[in-house]
Amino acid sequence: MIEIYRALFVGQIQAASQYRVQSVLWMLFSVIRPVIFLAAWVAVANAQGGQVGSYDVRDFAAYYVALSLVSNLATSWNAYDFEFEIRMGRLSPKLLRPLHPIHYAVVENIVWKMTTIIPMLIVLGFVAATFDARFRSTPAHLALFVPSVVLGASLAFLAGWVVATTAFWTTRVHAVSTLWDRAAFIFAGQIAPLALLPGALQTIALVLPFGYMLGVPAEILQGAVDVPTAMVLIVVQAVWVGIFYALLQVVWRVGVRQYTGVGA
Amino acid sequence: MTEPIIEVQGLRKTFRVTERQEGLAATLRSFVRRHRRDVNAVAGITFRIEAGEVVGFLGPNGAGKTTTLKMLSGLLYPTAGEAHVLGFVPWRRENAYLQQMTLLMGNRTQLVWDIPAADSFRVLQEIYRVPEHSFRKTLGELTDLLELQELVHKPVRNLSLGERMKVEFAAGLIQSPRVAFLDEPTIGLDISMQVRIRGFVAEYNRRTGATILLTSHYMDDVVALCRRVIVIHHGQLLYDGPLADLAERMAPYKIITATLRDGAAATADLAAYGTVTARDEGRVTLKVERQIAPERAARLVNELGDNLADISVEDPPIEEVIDRVFSEERVGAAT
Amino acid sequence: MRYLRLLAIFFRTELAYELEYRTNLALELLQMVVIITTSVGAVLVLFNYTTVLNGWDLGAMLVLLGCFYLVQGFGELVLQPSFEKFMEHVRLGTLDFVLLKPASAQFLVTLRHFQVVQLAQMGLGAVVVIAGLPRVSTLGPAEAAGFAVALVCGFTLIYALLLALSTFAFWFVRIDNLMAIYWSFLDAGRFPVDIYPGWLRVTLSTAVPVGVAVTVPALAISGRLDVAGLGLLVVGTVAAFFLASWFWRLGLRSYTGASA
Numbered sequence: 000m001i002e003i004y005r006a007l008f009v010g011q012i013q014a015a016s017q018y019r020v021q022s023v024l025w026m027l028f029s030v031i032r033p034v035i036f037l038a039a040w041v042a043v044a045n046a047q048g049g050q051v052g053s054y055d056v057r058d059f060a061a062y063y064v065a066l067s068l069v070s071n072l073a074t075s076w077n078a079y080d081f082e083f084e085i086r087m088g089r090l091s092p093k094l095l096r097p098l099h100p101i102h103y104a105v106v107e108n109i110v111w112k113m114t115t116i117i118p119m120l121i122v123l124g125f126v127a128a129t130f131d132a133r134f135r136s137t138p139a140h141l142a143l144f145v146p147s148v149v150l151g152a153s154l155a156f157l158a159g160w161v162v163a164t165t166a167f168w169t170t171r172v173h174a175v176s177t178l179w180d181r182a183a184f185i186f187a188g189q190i191a192p193l194a195l196l197p198g199a200l201q202t203i204a205l206v207l208p209f210g211y212m213l214g215v216p217a218e219i220l221q222g223a224v225d226v227p228t229a230m231v232l233i234v235v236q237a238v239w240v241g242i243f244y245a246l247l248q249v250v251w252r253v254g255v256r257q258y259t260g261v262g263a
Numbered sequence: 000m001t002e003p004i005i006e007v008q009g010l011r012k013t014f015r016v017t018e019r020q021e022g023l024a025a026t027l028r029s030f031v032r033r034h035r036r037d038v039n040a041v042a043g044i045t046f047r048i049e050a051g052e053v054v055g056f057l058g059p060n061g062a063g064k065t066t067t068l069k070m071l072s073g074l075l076y077p078t079a080g081e082a083h084v085l086g087f088v089p090w091r092r093e094n095a096y097l098q099q100m101t102l103l104m105g106n107r108t109q110l111v112w113d114i115p116a117a118d119s120f121r122v123l124q125e126i127y128r129v130p131e132h133s134f135r136k137t138l139g140e141l142t143d144l145l146e147l148q149e150l151v152h153k154p155v156r157n158l159s160l161g162e163r164m165k166v167e168f169a170a171g172l173i174q175s176p177r178v179a180f181l182d183e184p185t186i187g188l189d190i191s192m193q194v195r196i197r198g199f200v201a202e203y204n205r206r207t208g209a210t211i212l213l214t215s216h217y218m219d220d221v222v223a224l225c226r227r228v229i230v231i232h233h234g235q236l237l238y239d240g241p242l243a244d245l246a247e248r249m250a251p252y253k254i255i256t257a258t259l260r261d262g263a264a265a266t267a268d269l270a271a272y273g274t275v276t277a278r279d280e281g282r283v284t285l286k287v288e289r290q291i292a293p294e295r296a297a298r299l300v301n302e303l304g305d306n307l308a309d310i311s312v313e314d315p316p317i318e319e320v321i322d323r324v325f326s327e328e329r330v331g332a333a334t
Numbered sequence: 000m001r002y003l004r005l006l007a008i009f010f011r012t013e014l015a016y017e018l019e020y021r022t023n024l025a026l027e028l029l030q031m032v033v034i035i036t037t038s039v040g041a042v043l044v045l046f047n048y049t050t051v052l053n054g055w056d057l058g059a060m061l062v063l064l065g066c067f068y069l070v071q072g073f074g075e076l077v078l079q080p081s082f083e084k085f086m087e088h089v090r091l092g093t094l095d096f097v098l099l100k101p102a103s104a105q106f107l108v109t110l111r112h113f114q115v116v117q118l119a120q121m122g123l124g125a126v127v128v129i130a131g132l133p134r135v136s137t138l139g140p141a142e143a144a145g146f147a148v149a150l151v152c153g154f155t156l157i158y159a160l161l162l163a164l165s166t167f168a169f170w171f172v173r174i175d176n177l178m179a180i181y182w183s184f185l186d187a188g189r190f191p192v193d194i195y196p197g198w199l200r201v202t203l204s205t206a207v208p209v210g211v212a213v214t215v216p217a218l219a220i221s222g223r224l225d226v227a228g229l230g231l232l233v234v235g236t237v238a239a240f241f242l243a244s245w246f247w248r249l250g251l252r253s254y255t256g257a258s259a
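Going line by line, the protein sequences match chains B, A and V.
Per numbering that gives the first Met the number 0, residue 0 is the first one in the first sequence, and the count goes up by one each step.
Per numbering that gives the first Met the number 0, residue 0 is the first one in the second sequence, and the count goes up by one each step.
Per numbering that gives the first Met the number 0, residue 0 is the first one in the third sequence, and the count goes up by one each step.
Treat the hints as calculated values from the structure; they're not laboratory data.
Some hints here could point you the wrong way.
[As the list claims (entries may be wrong)] Each computed DSSO-like pair below joins lysine-lysine, with the alpha-carbon atoms no more than 27 Å apart:
{"hint": "1", "chain 1": "V", "residue 1": "Lys100", "chain 2": "A", "residue 2": "Lys136"}
{"hint": "2", "chain 1": "V", "residue 1": "Lys100", "chain 2": "V", "residue 2": "Lys84"}
{"hint": "3", "chain 1": "V", "residue 1": "Lys84", "chain 2": "A", "residue 2": "Lys153"}
{"hint": "4", "chain 1": "B", "residue 1": "Lys112", "chain 2": "B", "residue 2": "Lys93"}
{"hint": "5", "chain 1": "V", "residue 1": "Lys84", "chain 2": "A", "residue 2": "Lys136"}
{"hint": "6", "chain 1": "A", "residue 1": "Lys136", "chain 2": "A", "residue 2": "Lys153"}
This structure is a prediction, so every number in the text was calculated from the model and none was measured.
Given only the sequences and the hints, what does the whole structure look like? Please build it.
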């Protein structure tokens with residue numbers, strides 16, 4: 000398995016080096032949305048004398064910088080790729096190979112993140128400076144951030160695959176993933192830190208998996224939650240990863256049977 | 000009849016090619032200093048075509064055929080030289096000119112993939128401002144000639160390559176052009192479809208009197224359609240004249256095919272009469288210099304007598320002539 | 000007149016095509032409703048903590064968000080499909096066919112294809128505008144006229160931006176990255192341009208005038224735009240349009256080898 004992964008990595012790194020400029024550009028553009036909401040919250044805070052709930056202007060800046068970083072590390076486009084491959088009939092040859100297609104996606108994602116992380120940090124440094132971000136995190140937070148972001152990324156990745164496997168049953172994955180993305184838009188911590196979602200929305204967000212992909216790691220990195228709470232959140236993240244792992248196993252097996260049964 | 004439809008004088012097109020290496024560093028370096036090289040795609044050619052002619056435009060890949068067609072249709076500005084088509088300078092792209100010409104490319108489609116061709120025809124009608132009655136008449140004729148009835152109401156993506164090409168022809172001719180440039184119109188089609196497209200072009204030319212300049216890789220197209228051919232190579236005009244004379248001018252030999260009776264086939268040695276190029280059972284093919292070919296054929300008849308069942312003297316196949324011209328030219332260019 | 004007829008026939012052809020796929024149409028509509036509802040939701044979350052955001056109250060914010068979907072919907076109705084097709088034409092060499100038509104190439108390229116379903120996005124945008132309107136001010140004929148002018152300017156600014164960006168295809172063929180500039184900055188239009196920090200605000204008002212295209216119509220309809228501001232917008236829009244058209248012709252000339 001390690002050998003296989005090494006081979007996949009070499010291949011992907013070569014492929015990625017061809018798209019270096021493109022990757023960096025896309026990464027830059029991906030920062031724009033968090034900045035939009037950061038600017039909106041800064042405006043709200045200024046209207047309220049600088050403070051909204053437990054967040055002041057500089058906390059918002061830290062939160063959205065952290066969120067950008069987490070988004071970059073946790074986002075994957077595999078749902079779109081996968082649907083495309085099924086539609087174009089390109090999946091069959093991949094199913095014949097002795098390796099689960101998910102491994103290609105894993106490597107592709109890791110390589111993409113490696114190629115963009117340095118420019119990402121530079122850009123985020125710039126954003127943090129512009130908005131005068133203040134992180135409240137202690138070394139313990141930083142230590143907890145590592146497992147949290149890994150779990151968040153894994154969760155987003157697995158969930159993305161579960162959504163993508165709907166392509167086995169319907170050609171309209173686009174609609175499914177739009178619904179999924181919009182749920183994430185509201186509940187993952189993009190429009191507001193989870194703590195600022197009003198009443199019912201916050202309760203829903205804590206029950207749904209979305210917040211554990213992006214919002215939770217971002218809050219831990221920013222230091223918005225205390226260490227014991229962070230540890231609890233990480234445990235919940237792990238539970239969600241387990242659930243989606245099991246779900247993917249089932250959905251994938253049934254889906255492949257369905258797909259090959261149709262004879263495509 | 001005195002005014003030619005197409006008149007080309009010293010037409011030249013030079014492309015400036017930027018050479019760039021792969022990779023980011025090389026790309027950045029090329030921003031600063033570009034390595035440029037001039038390529039003469041068309042190196043000054045002159046010809047004229049009269050109304051109603053169907054002319055074959057021949058040459059190997061990269062000879063400058065498509066570049067010339069693009070200049071004549073107005074898509075490219077020449078580096079030097081003049082051209083008039085229907086009295087217009089093509090690259091000014093005046094609407095009055097575009098209205099009367101068409102360019103069809105066998106490997107490219109102008110139809111919208113997802114909608115039926117009939118809808119695209121309507122759009123083209125509006126773009127070319129074809130009055131309703133002439134639109135109906137033209138489309139009716141094209142539908143008959145090309146047997147389109149079934150095809151125009153299906154989305155284009157559901158058509159086979161050959162069907163698509165037929166519809167493509169109809170789309171290109173909806174404005175009843177007086178000049179048509181056909182760039183490889185039969186490329187990739189199977190033989191029977193090639194034959195039908197050829198038949199269509201000939202019939203269209205006969206009915207409408209449209210002037211047609213055609214390039215093709217398939218010599219059969221040219222043989223079937225064109226009495227006149229223009230041959231270019233490395234951007235230069237090599238030959239312009241009747242197809243029938245091409246072999247005489249370009250290939251200094253003829254092909255004698257002698258069919259021998261049983262018995263004689265095994266023993267007869269015909270090497271004395273010319274170069275034996277093929278031997279199949281009793282059929283022997285000989286390559287003989289053009290001037291002495293009649294004399295050699297007479298000798299064959301005399302000397303083989305009853306052993307000879309049949310004999311023919313022909314020009315070499317046109318493909319061979321063309322191949323020969325292009326490969327010799329390459330040798331000539333190298334020296 | 001002739002060009003209006005052409006537009007109508009382009010539109011009809013694509014409408015016929017889209018109507019064939021009713022399920023797709025229904026799903027598209029569903030997605031739009033979800034997207035717009037969640038966006039309104041996001042605004043409501045913000046206004047849960049404040050009554051005014053940089054001088055924009057909830058009503059004005061809804062008007063602005065509606066304008067955002069009007070502008071974005073216009074882009075997706077005709078510009079995005081047409082410009083995508085244009086890039087494909089350049090890549091496949093089929094642009095030649097367009098250039099050989101006896102009509103303005105710029106028109107045939109930039110307004111040729113429609114995604115008719117996006118009319119619904121514009122419709123939903125209008126609904127959001129109307130929802131916000133009663134809270135803002137009384138809508139007189141002056142505001143309505145100013146809004147109409149500003150909105151047309153907004154559409155034109157987006158047109159000019161996309162035209163200028165896609166002109167690069169004449170030189171570079173693959174310009175997906177450049178077009179992504181539009182898509183990523185467009186999102187910033189959902190909030191008033193004045194909330195952004197300097198560098199972003201300047202970008203959104205000049206080089207990528209998405210912010211202006213959305214914010215100014217919203218100001219106009221809520222009666223907060225004076226004649227001078229409107230005049231400035233009109234002048235800027237006309238200048239942007241001609242600049243972009245000039246750049247396009249430059250690109251076209253280089254494509255046909257007329258220059259260089």
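I'd like to know which numbered hints this structure contradicts. Please list them from smallest to largest. 5
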